[in-house]
Amino acid sequence: MDFQQTVQQLINGLGLGSIYALIALGYTMVYGVLRFINFAHSDVLMLGAFAAFFLAPLVEKMLGPQSVFGAVMVFIVAAAVCACIGMLIEYLAYRPLRNRPKLTVLITAIGVSLFIEFTCQNDAVLGSATRSFPRLLPEKQFQAGKLIFGSTDLIVPLVTMTLLAAMWLIVQKSKIGTAMRAVSFNQQAASLMGVPVNRIISFTFGLGSALAAIAGILYSMKAPGIEPLMGVQPGLRAFIAAVVGGIGNLPGAVLGGLLIGVLETFAGGIPGLSNYRDAIAFGILILILLFKPAGLLGRATIEKV
Amino acid sequence: MPLPGAKRWLFTGIALAVLLSFFSDSFNRYYLGIGIDVGIAIILAVSLNLINGHTGQFSLGHAGFMAVGGYFAAWISLQLGANAKAMFPVSLLAGGLLAALVGLTVGVPSLRLRGDYLAIVTLGFGEIIRVIAQNTEAVGAASGLKGIPKFTNLGWTFGLAAVTVYTITALVNSTYGRGFLAVHDDEIAAESSGISTTRYKVVAFVTGSFFAGIAGGLYAHHKQFLAPTGFDWLKSVEIVVMVILGGMGRTAGVIGAAILLTVLPEFLRDFAEYRMIIYALLIILLMLLRPGGLASLLTLKRRSTV
Numbered sequence: 001m002d003f004q005q006t007v008q009q010l011i012n013g014l015g016l017g018s019i020y021a022l023i024a025l026g027y028t029m030v031y032g033v034l035r036f037i038n039f040a041h042s043d044v045l046m047l048g049a050f051a052a053f054f055l056a057p058l059v060e061k062m063l064g065p066q067s068v069f070g071a072v073m074v075f076i077v078a079a080a081v082c083a084c085i086g087m088l089i090e091y092l093a094y095r096p097l098r099n100r101p102k103l104t105v106l107i108t109a110i111g112v113s114l115f116i117e118f119t120c121q122n123d124a125v126l127g128s129a130t131r132s133f134p135r136l137l138p139e140k141q142f143q144a145g146k147l148i149f150g151s152t153d154l155i156v157p158l159v160t161m162t163l164l165a166a167m168w169l170i171v172q173k174s175k176i177g178t179a180m181r182a183v184s185f186n187q188q189a190a191s192l193m194g195v196p197v198n199r200i201i202s203f204t205f206g207l208g209s210a211l212a213a214i215a216g217i218l219y220s221m222k223a224p225g226i227e228p229l230m231g232v233q234p235g236l237r238a239f240i241a242a243v244v245g246g247i248g249n250l251p252g253a254v255l256g257g258l259l260i261g262v263l264e265t266f267a268g269g270i271p272g273l274s275n276y277r278d279a280i281a282f283g284i285l286i287l288i289l290l291f292k293p294a295g296l297l298g299r300a301t302i303e304k305v
Numbered sequence: 001m002p003l004p005g006a007k008r009w010l011f012t013g014i015a016l017a018v019l020l021s022f023f024s025d026s027f028n029r030y031y032l033g034i035g036i037d038v039g040i041a042i043i044l045a046v047s048l049n050l051i052n053g054h055t056g057q058f059s060l061g062h063a064g065f066m067a068v069g070g071y072f073a074a075w076i077s078l079q080l081g082a083n084a085k086a087m088f089p090v091s092l093l094a095g096g097l098l099a100a101l102v103g104l105t106v107g108v109p110s111l112r113l114r115g116d117y118l119a120i121v122t123l124g125f126g127e128i129i130r131v132i133a134q135n136t137e138a139v140g141a142a143s144g145l146k147g148i149p150k151f152t153n154l155g156w157t158f159g160l161a162a163v164t165v166y167t168i169t170a171l172v173n174s175t176y177g178r179g180f181l182a183v184h185d186d187e188i189a190a191e192s193s194g195i196s197t198t199r200y201k202v203v204a205f206v207t208g209s210f211f212a213g214i215a216g217g218l219y220a221h222h223k224q225f226l227a228p229t230g231f232d233w234l235k236s237v238e239i240v241v242m243v244i245l246g247g248m249g250r251t252a253g254v255i256g257a258a259i260l261l262t263v264l265p266e267f268l269r270d271f272a273e274y275r276m277i278i279y280a281l282l283i284i285l286l287m288l289l290r291p292g293g294l295a296s297l298l299t300l301k302r303r304s305t306v
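Here the protein sequences line up with chains A and B, keeping their order. Residues 1 to 305 (the working numbering) make up the first sequence, in order. Residues 1 to 306 (the working numbering) make up the second sequence, in order.
One or more hints might be untrue.
[Said to hold, decoys possible] Computed, partial: chain B to chain A, Cβ under 7 angstroms:
id: 1; residue: Val38
id: 2; residue: Phe58
id: 3; residue: Val131
id: 4; residue: Ile283
[What the hints assert, rightly or not] Counterexamples of contact, computed for chain B against chain A with all Cβ distances above 10 angstroms:
id: 5; residue: Lys7
id: 6; residue: Thr12
id: 7; residue: Ala94
id: 8; residue: Val106
id: 9; residue: Pro109
id: 10; residue: Tyr117
id: 11; residue: Gln134
id: 12; residue: Thr167
id: 13; residue: Ala170
id: 14; residue: Asn173
id: 15; residue: Thr175
id: 16; residue: Ala182
id: 17; residue: Val263
id: 18; residue: Ile277
id: 19; residue: Leu281
Keep in mind the hints are simulated off the structure, nothing from the lab. Since we're looking at a predicted model, the values are computed, not measured. Glycine is no exception: its CB is placed at the ideal position from the N, C-alpha and C atoms.
Isolated chain A, as found in the complex (with noise of 0.2 angstroms):
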């Protein structure tokens, strides 16, 4: 592999990469809100791509083909949609077992994840076919040197960026990121602060399913076919991610992520290493289990009673 090829397969590891920080964003979110894996949310990422696959006519008939504007639209709306699907999961599946065992709450997200994906899946309903996503910006390719890309895999990193600058101000600025953070940090004690707990937990559910929205759409503008399962390998990356940079912790998440998806790239140029591509989330995932179980950038906690 010469430099060119090397360079072309980082950008491209780099555009996969910041679509699962944005997934893992969301994981390690709940994670750090309510402490168990929400199984369903690469279900959500899986409708928020949906959600933009019916919107995008619409919007096309409204305001012409492929424009900007209409784009940035169907992000919102998928990302509203996606936001209020994500609240009202946690409202009736989650809520009523805020103070059970953490299994049950584990076992309960499985099922949602289950229900939503074969939900989908029915022909009634979605059907298991693979959609082509419509096309919402035009395309046009660009050379620098010999390296040539896409306007894709410009816009990628370009909205992933952004919205990792957002998700910043609104945790550690805004009043509300702030009433997060002590949710994370001790749920008992915020609430004797006057934090309305559920409410912080609801918006925690209803940002990170707005981000999984639209990394269901970017993911879906990299890889134009669309079906109720899209979401399953995604989300178990992104979960692997939150996972390496530390559960819990936001700039982890994105390191994660990132890592992640530039080495997965490059083991798929690799030949004979490509075909085990899917297993090298995992073998990452248990390197880490093993020599340092609480992630890259996240620190060692001994639960007390």
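Take the given structure of chain A and dock chain B to it, following the hints.
The following block gives chain B in isolation, referenced to the frame of chain A:
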């Protein structure tokens, strides 16, 4: 008797198996097949119950261990050729042991930690097994392993199901086995009482994997064909639903659920497309309303964990 429940299960099961295998030629082949499916489902559900129920961990990769045992046992049978029939118990055992060994390598890194890591690691492990099976020419790669001899009969299946039920109930009810329940009830308290929680979790996981491997061997010599996609995570979910429906940690309930969920779909073929939706709703509703499963509906008297 110290273990009336467990011994009774073993005795009934083996007697039933021996009795049935005498008549197995006169059965309708279709019902015979379902009978064997039920026995395999019991082994899978009861062994997963040791991990997910009694010990309170959460494995989502039971089908993966089943695949390891199934592929290995089938491969041995195919290598042996003419001698395979006599060596059937050995190849089953070898499949179980390999599954246990794999369980050890997967279990140790994830069980050292608290929390939900086991769920995600086992989920990923199932995926890795599928990828490996798909890329290994020796076991047929993507087109699957064909021509496995048919050795599994009712006798073997229910005999081994009885051994599984006996071993696991006896283990949990022994002095040593109280540790599993302690880990399930409160890990911190268990650790403060001098119980090595990691060791108990690993023992439960490895034992469960071993029996899943045995079940895989039976399955391979029953269906005579193994495809890498047959052991995906939906298969694992099916076993998990059996354990949850029966009531985690309730052996009798889990056996009942295994029978129910194997027999019922055969009669409700028209609803096949709704089956997984119903399973999913069942999981959610049971967790919200009856986390103890069906067994908790019959809370007449709670003796031990049998």
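Hint-by-hint comparison with the structure:
Among the interface hints, the one on B:Val38 is violated; its C-beta lies about 23 angstroms from the nearest C-beta in chain A, farther than the 7 angstroms criterion. Using the Cβ-Cβ criterion of 7 angstroms, the hint placing B:Phe58 at the interface with chain A is satisfied: the shortest such distance is roughly 6 angstroms. Hint status for B:Val131: holds, given a least beta-carbon distance of 5 angstroms to chain A, under 7 angstroms. A distance limit of 7 angstroms between C-beta atoms decides the matter here; for B:Ile283 the minimum to chain A is near 3 angstroms, and the interface restraint holds.
Distance to chain A confirms B:Lys7 as a non-interface residue, since its nearest Cβ pair spans about 31 angstroms, more than 10 angstroms. The claim that B:Thr12 lies off the interface holds: its Cβ sits roughly 31 angstroms from the closest Cβ of chain A, which is beyond the 10 angstroms cut-off. Listed as a non-interface residue, B:Ala94 keeps its Cβ farther than 10 angstroms from every Cβ of chain A; the least gap is roughly 24 angstroms. At the 10 angstroms boundary, the C-beta of B:Val106 falls inside the reach of chain A, the nearest C-beta of that chain being 8 angstroms off.
Residue-level check failed: B:Pro109 sits 4 angstroms from the nearest beta carbon of chain A, not beyond 10 angstroms. Interface exclusion of B:Tyr117 from chain A breaks down, the closest Cβ pair being 6 angstroms apart, not more than 10 angstroms. Its beta-carbon lying about 8 angstroms from the closest one in chain A, B:Gln134 breaks the requirement of being farther than 10 angstroms from that chain. Distance check on B:Thr167: its Cβ is at least 24 angstroms (rounded) from any Cβ of chain A, clearing the 10 angstroms threshold; non-interface status holds.
At the 10 angstroms boundary, the C-beta of B:Ala170 stays outside the reach of chain A, the nearest C-beta of that chain being 25 angstroms off. The Cβ of B:Asn173 sits about 22 angstroms from the closest Cβ of chain A, beyond the 10 angstroms cut-off, so the non-interface label holds. For B:Thr175, the non-interface assignment is confirmed: its Cβ lies about 25 angstroms from the closest Cβ of chain A, beyond the 10 angstroms cut-off. With a minimum CB-CB distance of about 15 angstroms to chain A, B:Ala182 clears the 10 angstroms threshold, and the non-interface call stands.
Once the 10 angstroms rule is applied to beta carbons, B:Val263 is consistent with being away from chain A; the minimum gap is 21 angstroms. A Cβ of chain A approaches the Cβ of B:Ile277 within 10 angstroms, the least distance being about 5 angstroms, so the stated non-interface status is violated. Interface exclusion of B:Leu281 from chain A breaks down, the closest Cβ pair being 6 angstroms apart, not more than 10 angstroms.
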